[in-house]
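Now for the letters of each chain:
2 protein chains.
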Amino acid sequence: MIEGMTESQLTLHIIKQLKEGKKNHFQKTIDELQPYDIAKIYSSIPAKHRTRFLLFINVEQIADLIQELEKDLQFEALTKLGIEKSGQVMDLMDNDDLASLLEHLSKDKMEELLSGMKKEESKIVQDIMNYPPETAGRLMTNRFVWIKDHYTIRETVEKLKTFAEYSETINYLYVIDQNKHLVGVVSYRDIILANENEKIQDIMYSRVISVTADTDQEEVARLIERYDFLAIPVVDNGVLVGIVTVDDIIDVVISEATEDIEKLSASGKAIDFDTKAYVAAYRRLPWLILLLFIGIVSGTIISQFEETLSTVVALAFFMPMIAGMTGNTGTQSLAVVVRGLITREVDRKTAAQLIFRELKVGLIIGFICGILIALIALVWQGSAVLGLVVGSSLIMTLVIGTLAGTIIPLILYRLNVDPAIASGPLITTLNDIVSLFIYFGMATLFINQLM
Amino acid sequence: MIEGMTESQLTLHIIKQLKEGKKNHFQKTIDELQPYDIAKIYSSIPAKHRTRFLLFINVEQIADLIQELEKDLQFEALTKLGIEKSGQVMDLMDNDDLASLLEHLSKDKMEELLSGMKKEESKIVQDIMNYPPETAGRLMTNRFVWIKDHYTIRETVEKLKTFAEYSETINYLYVIDQNKHLVGVVSYRDIILANENEKIQDIMYSRVISVTADTDQEEVARLIERYDFLAIPVVDNGVLVGIVTVDDIIDVVISEATEDIEKLSASGKAIDFDTKAYVAAYRRLPWLILLLFIGIVSGTIISQFEETLSTVVALAFFMPMIAGMTGNTGTQSLAVVVRGLITREVDRKTAAQLIFRELKVGLIIGFICGILIALIALVWQGSAVLGLVVGSSLIMTLVIGTLAGTIIPLILYRLNVDPAIASGPLITTLNDIVSLFIYFGMATLFINQLM
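Sequences listed follow chains B and H, in order.
Mapping to UniProt numbering: the first sequence position 316 is 316, numbers consecutive.
Mapping to UniProt numbering: the second sequence position 185 is 185, numbers consecutive.
In isolation and in its complexed conformation, chain B is listed as follows (with noise of 0.2 Å):
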């Protein structure tokens, strides 16, 4: 019946629903739609309708809907539930997203919410809570099943069976021995392909690739992006502690790479579209601050040479185009670095490899870019000797500016700090200055010969 409605005749037909109290409809209508979508509808709709649209679906449910909505109405549904519901609920949540949704609550308000838990489940969101932010512990789920090397094929699928609602996303079973040491998986492919009385430890793949609590989440997306797996465990000393799925990872790809883009453009932490005017603003201040402050160095090497600047006024006409094109070849050059360890570790080799290859290319560029500017100067100004002055400077200005983007990620990817923090505005205004020194030196050097 739902089958060909727009998003918007969904919505109405839901409000209806709920307003004529017809609670069976209702449950069908939910039963038809994806999490994603039923919580877009609750956001939706008007706030009253909403603790009628909680009671009028199960707990299960009601799980699903609360792990894709935004922080606040998540909150305000569990508040809605009242605490032993929200318990009841909070079990049956991935422990991974209700983590990251009870870490940005008060103390007292959490430990409110953890009351209503079963004792071992409240205890296993705690542990997660534990591990630093972007590891594998923080991204791993306890809802899979495991199973024991020993059992057959059928032992396996009875306990399939009676473990149903745990095992709803994953394609992986891993085997443990009697240790809890994970020696083996087996997809549900391999189970339904085997025979009835096949033992697991027969059957199972024992070569497994899995990553420690404290992995860094993006070795676990590179692993996992590499073999094309659909979840990968989480070990702990040998023994089997959770999974990570692919579907985390792709939000970890996506979060990882928007904040490469946030250094790399300086454009401050986590704006999106619904943050506050004054928030992105505050978020953003720090850095253009500091730019002014740099700004003002610019400034004061331009004053050092105000004598040459006052001789030969030309020379003004050109700064910003040497400026500029000094600091978007850093930019160039760190955007390949910053990309390029995402998916490579680089050891000395590569490095040294890397830097004698930018350094080739700023020499292309450079003497390219400097002879024709030399030339334009030429024609431009009607002089030999400006030309000369500029385009020397900008071969000099673009050979250190590639190097200055290649060197300076590199350095810091080796110090262990996030190499998209060396953020292409501050490249550009490191070889802002250093261009300014360049081109104003050499003008000093030729001052005569200038006027």
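If you are wondering where the hints come from, they were derived from the structure by calculation, not from laboratory data.
Remember, predicted model here, so these are calculated numbers, not experimental data.
Incorrect hints may have been included.
Remember, identical chains collapse to one label, so a pair may be satisfied in a single copy or spanning two.
Claimed, not checked - Calculated pairs, PhoX-like style, for lysine-lysine (alpha carbon to alpha carbon, straight line, at most 20 Å):
id : residue 1 : residue 2
1  : K40       : K349
2  : K276      : K349
3  : K199      : K161
4  : K180      : K148
5  : K107      : K22
6  : K123      : K180
7  : K360      : K276
8  : K118      : K85
9  : K199      : K159
10 : K28       : K40
11 : K107      : K349
Fit chain H to the supplied structure of chain B, relying on the hints for placement.
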């Protein structure tokens, strides 16, 4: 036996087995490894051993191996195999991987290779290559099993056993009716949990979310990310023609983010650590040369104000600061818009809200930075008028810079042009020009007071 080996030990072990011709031992070793690791070892051993390597493994393993190799090694391996065996291998490869391998070949070479394949497989690959780049059609594979809606669970399991090799990585089974229309989906887990005699149509989930072959890959990624799917079906007029799997989507997300960064930083298309220096230089030059000419435009503007500048040389001191900050504030806004558009569609209302928000941000940062620089200029140069000129120029340029960085990508988005094309440097340079106009315009206005 190979459990505890490091990568280089493993490589030596494999070379030894190849030299000694121990085919059985060699196969046992390979069986324990992931395709990615096998490919890494294959690539790192001396070229003379590679032929025997290929002889020692079966066609399925060769297919898996080739999918993980670099382009040049892929061709080398296919050539080594000879036309008949390479046809068998290509029949087994994922058609999307095969298509992206073939499209880099000359037409003759491609037809030669295709001629060794089974007719229907060869046709499927050629069909894929006919879809526009970066669409679902290019990413989809036909390595999946469909089932009919009237099948029982028992019949389904029978079919699965027959088509075992085709269903390797997929965890959903797509259900079609007698017209081959996609009507539902079930997971392997559903099959395991269901009773043998139940019918697929009774347990299947029928509100299937699907894409068409010409859906943009970013849209496909958005759906898979949103719904946490492991695969999404591709239909053509309702008929199921293939599926896109989550592992391809991770690659899409990474490459789209890299593209955004490349464009935002104008770092040149597809430059990685292995790109040759002259190629990298060639790819970066167009932008730099464009930037050079835009720089000349800036220069021309300054030259228009030569008289103002030579009267008050101190104006030059604040030039880099004003241009730099205006450029940067534009890039900040741009980055927020470009990343925001990835996870969200923007309608007229959202766009208006965003522009209004950024206007407020521009005003806040403009007034704070403007007043700050006015005070600095007053103290440093001892001129209240200079402070006023610099400060009020900065307020104006920061507001305009912020708006330009917001509105330009939104217009491009509306025109269906990739907003990231309004790369950071372009916005920066545009803002440079505008800021110079405003700054020198203001200065000329107050020239009598400045003298």
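Checked hints:
1. K40 - K349: Classified as between; 18 Å across copies, 51 Å inside a copy.
2. K276 - K349: Answer is between; shortest inter-copy Cα gap is 16 Å, intra-copy 47 Å.
3. K199 - K161: both (18 Å within a copy, 18 Å between copies)
4. K180 - K148: This pair counts as within: shortest intra-copy Cα distance 8 Å, inter-copy 41 Å.
5. K107 - K22: neither (39 Å within a copy, 63 Å between copies)
6. K123 - K180: Within one copy only: 19 Å inside, 49 Å across.
7. K360 - K276: between (46 Å within a copy, 10 Å between copies)
8. K118 - K85: Within one copy only: 12 Å inside, 59 Å across.
9. K199 - K159: Within one copy, since 14 Å is at most 20 Å while 23 Å is not.
10. K28 - K40: Cα proximity of K28 and K40: one copy only (17 Å, versus 51 Å across).
11. K107 - K349: neither (49 Å within a copy, 38 Å between copies)
Violated hints for the displayed structure, listed by number in ascending order: 5, 11.
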